[in-house]
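J.: Listed below are the residues making up each chain.
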Amino acid sequence: MLPSPAIAPETRERIAGLYRDHHLWLLSWLQRRHHFGDQASDVAQDTFLHAILRPQQIAGLRQPRAWLSSVARGLLIDRYRRQKLEAAYLQALAQLPEAEVPCAERQLMLLETLMQIDAMLDGLGPKVRMAFLLSRLEGLNYQDIAVRLEVSLSSVEKYMAKAIRHCYQLTLET
Amino acid sequence: MTDKVLDQAIDWLVKLESSQHAPSVSAACMAWRQADPRHEARWQALLEAQACFPLARELPPGVAITTLGNQGRRTAIKALGLGLLGLGMAGGALQQSPWRTSFADYSTNTGERLRFVLADGSTVQLDSRSAVDVRLDSRERRITLREGQAYVQTALGALQRPLCVTTAQGRYETTDAAFSLCQENGYTRLTVDQGSVAVLFPGQASAQAHAGQQWRIDRAGPQLVERPTFEGSAWVRGVLITQDMLLPDLVEQLARQRVGWVGCDPAVAGLKISGVFQLDDTDNALRTLTHTLPVRLVWRTSLWVRIVPA
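For the record, the sequence lines run as chains S and B. When the letters of the first sequence are read in order and numbered with the working numbering, they come out as residues 2 to 175. When the letters of the second sequence are read in order and numbered with the working numbering, they come out as residues 82 to 391.
Please note: incorrect hints may appear among the correct ones.
Calculated cross-link-like contacts (lysine to aspartate or glutamate; reagent style EDC-like; alpha-carbon spacing at most 16 Å) [claimed, not checked]:
{"no.": "1", "chain 1": "S", "residue 1": "K163", "chain 2": "B", "residue 2": "D92"}
{"no.": "2", "chain 1": "S", "residue 1": "K85", "chain 2": "B", "residue 2": "E193"}
{"no.": "3", "chain 1": "B", "residue 1": "K353", "chain 2": "B", "residue 2": "E333"}
{"no.": "4", "chain 1": "S", "residue 1": "K163", "chain 2": "S", "residue 2": "D123"}
{"no.": "5", "chain 1": "S", "residue 1": "K163", "chain 2": "B", "residue 2": "E98"}
{"no.": "6", "chain 1": "B", "residue 1": "K96", "chain 2": "B", "residue 2": "D117"}
{"no.": "7", "chain 1": "B", "residue 1": "K96", "chain 2": "S", "residue 2": "E158"}
{"no.": "8", "chain 1": "B", "residue 1": "K353", "chain 2": "B", "residue 2": "D325"}
{"no.": "9", "chain 1": "S", "residue 1": "K159", "chain 2": "B", "residue 2": "E333"}
{"no.": "10", "chain 1": "S", "residue 1": "K163", "chain 2": "B", "residue 2": "D84"}
{"no.": "11", "chain 1": "S", "residue 1": "K128", "chain 2": "S", "residue 2": "D145"}
{"no.": "12", "chain 1": "S", "residue 1": "K85", "chain 2": "S", "residue 2": "D123"}
{"no.": "13", "chain 1": "S", "residue 1": "K163", "chain 2": "B", "residue 2": "D88"}
{"no.": "14", "chain 1": "S", "residue 1": "K159", "chain 2": "B", "residue 2": "D88"}
{"no.": "15", "chain 1": "S", "residue 1": "K159", "chain 2": "B", "residue 2": "E193"}
For the record, the hints were derived by calculation from the structure and aren't laboratory data.
Isolated chain B (complex conformation) (with noise of 0.2 Å):
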């Protein structure tokens, strides 16, 4: 049964809303409501529908959107490691590999950094916001970052096995390297501090990024950061130090530290800052931008906030 009423009841109620109810769409509406019994019918069902939004807008502004904003099966999914890895367990394949000595979800809240050492005495640090999944074994030690950033350092004199790194974009490979990995909406951001990693990526030969240099990966692969906006490891002393950064891309950095929503109007989008910032404060961060930039702040609740211009 193709359902015509139903597609022209939310098409009706999706133009009466953004037309903000005008007089003329109000009653072009009401003239398709009373055509049809069924028409009437349906409306009535598609505003039944919604009926527990109303209830919510009894708490005082902003609280049910904090709540829910940051919600969704996917980020559970996610944070809690349930991903292919846990199906792979279902199966029963990694509970009979006998070479499988160690096994581990590691995550982390907003405004959490969690520091964890593996068991071949490799570091890794987390960030705010951050999950990943390690596996030691006689002949890997893999990680996969499955959000956020970690820091990892390996071992000196560790083994010869190489350390695996995983992220939605590529493998990034090495023996002997301490270097932050970031996994951005779409894109990879890797930074190397000491040593080497390897940057393989499906389809094309392997990089090698050196200390000191900051590589984004996405779809089309690897490739140098020739004039890095910020200290891509500086997240791990609990700084952000920024050089010429966009304000929206600060904003990104500082809103993965904090609870609720952060917001930049276009206006200001194309200013520039250089700076050092504190990660662990951030309402102090955003006040900071006020006394260098031509922005403002405007605070609907301590978790809402947004910039725009003075």
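Next comes chain S alone, as it looks inside the complex (with noise of 0.2 Å):
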């Protein structure tokens, strides 16, 4: 018989315990984030959400509140880097002469490319950001980026090598 893709009974008692006991924490323990007093809702629901897709993790769970603030937390952060990413985009967007704008449609995809980019880069030294960026998007020489960083051609080539491999690596692993 094939194994039923319906949640096993076990883990829905577990789940439901969770909610029950520890959702109106994890709520009031998100509203205190100040940047997310209106979203607390959603993040504590996509919380719970994750606890679901996750219950191996949740049986042997010891301290629920510990668990459930480390994922909530994540999902924080995802949320408040994709919104600061967005409003620094159309900040950027805004600057721009009429006529050199893209098109909304355009705009977005690029929008989605920035965040796939801002998420591949993720755990870089701010210096090694920098220098590849400035490479891969303005597409300036390894001198120039020196200059513009204030640091030797050596460190340059030292942190391109850091950014390739750390790119690398990443497709690697998905």
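Mind docking these for me? Both chains are given alone in their own frames, and the hints should help you get the complex.
T.: Listed below in structure tokens is the structure:
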């Protein structure tokens, strides 16, 4: 017989218990986060959804609040980054002469690309990140990057090698 | 499995780009790629891993980089105040403490300033791009400066509990003072306007900072700044007042208030300037530099500006 796609009864019970005991606490924890007061209930729902999709983690949970808040924390950071990125993007577009502004559809597609790049460079140090962005997005050569970042050429080479390796390793993982 | 081929491929790509595709390097790189099919496969995989970048270059110059330049997960964690205090909550420690009466995180975006009053009547003003956590309880008043700068004014006749601010470098305690703390990269700057503030640094006797003084606290400990190059608390009034301040230092202070990037050519980095600059109009502040110093501005977009010799 094929395994049932439905949620196992004991998982269902665990989630229900988790929700009953900690949902209000999580909600108030989220509401205290200055930036996201108005999105607290969305993030709380997403957190429990995350839990439902990971029954094996729920089964061994010792400190449910610690686990829930760390999941919520990750979700908050993702939302925050996406919002920040979008705001910065719209602001940058707003500064352009009208003729240079891409059409709405293009704008959205390019925003997705930027978000993909942002996620990809996550974990790189600020200088490595900036060196790589200047090279790949602005087309600057290494010498110009060195001048702009006020570092040596060999530092730029090191930064670039690090970023190139990082991108490669990420594509291997996914 | 050690990946020697990957190391070589990265090495070649960097060499090639660094030489700006010089013919001799290009030829040597091509010879390496053709020497073994595994070389070529790895080479192609490296290029493919960066395939999303050319897409973004469709945007007009400057847009992609100004959008991405200030991002990063660490910034998000700091700005959200989701550091240690957040985890403390997660463990339930704070939640179970009956004495916890108030808990809040405050932060500002670029160009924004925020003033708020604490439950005991003390006021805190946050500068652009700043974040603090605040905790008041029956024993202490504690503020954690996570990013940027904050001006704190203790309430008159407040309870005897000390008010304590923590930065990445040391703790600052007072019962009655008005002072500005700035978290710079690797050090903290303390400017006292009224009263006095005790500077507590791990492993050292505490120092007392008095009204009118500016202190710099770095890894080595607290140090009185004999001749400050700018007024450390004037930002509260929306101005930057400098006295023989080096141009790159001035640019750093203005950059805090701006979206985008301000750079300073090394050739003009030794210039010094004295004056008053409005923080709410940094474009204008930058333009006034060109009136008094032998410099000019190069604008790539309105978000990208570089100061170069005139």
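J.: Next, verify each hint and record whether it holds.
T.: Consistency of the hints with the structure:
1. K163/S with D92/B: Roughly 10 Å separates the two Cα atoms, so the pair holds.
2. K85/S with E193/B: Holds - the C-alpha atoms of E193/B and K85/S are around 15 Å apart, at most 16 Å.
3. K353/B with E333/B: Given pair K353/B, E333/B holds - Cα atoms ~14 Å apart, limit 16 Å.
4. K163/S with D123/S: Cα-Cα ~13 Å, so holds.
5. K163/S with E98/B: holds, 14 Å
6. K96/B with D117/B: Not satisfied, since the Cα-Cα distance of roughly 19 Å exceeds 16 Å.
7. K96/B with E158/S: holds, 8 Å
8. K353/B with D325/B: Between K353/B and D325/B the Cα gap is close to 5 Å, so the pair holds against 16 Å.
9. K159/S with E333/B: Violated - the C-alpha atoms of E333/B and K159/S are around 26 Å apart, more than 16 Å.
10. K163/S with D84/B: At roughly 15 Å apart (the allowed maximum being 16 Å), D84/B and K163/S satisfy the hint.
11. K128/S with D145/S: holds, 14 Å
12. K85/S with D123/S: Answer holds: K85/S to D123/S is near 15 Å, not above 16 Å.
13. K163/S with D88/B: holds, 11 Å
14. K159/S with D88/B: holds, 12 Å
15. K159/S with E193/B: Given pair K159/S, E193/B is violated - Cα atoms ~36 Å apart, limit 16 Å.
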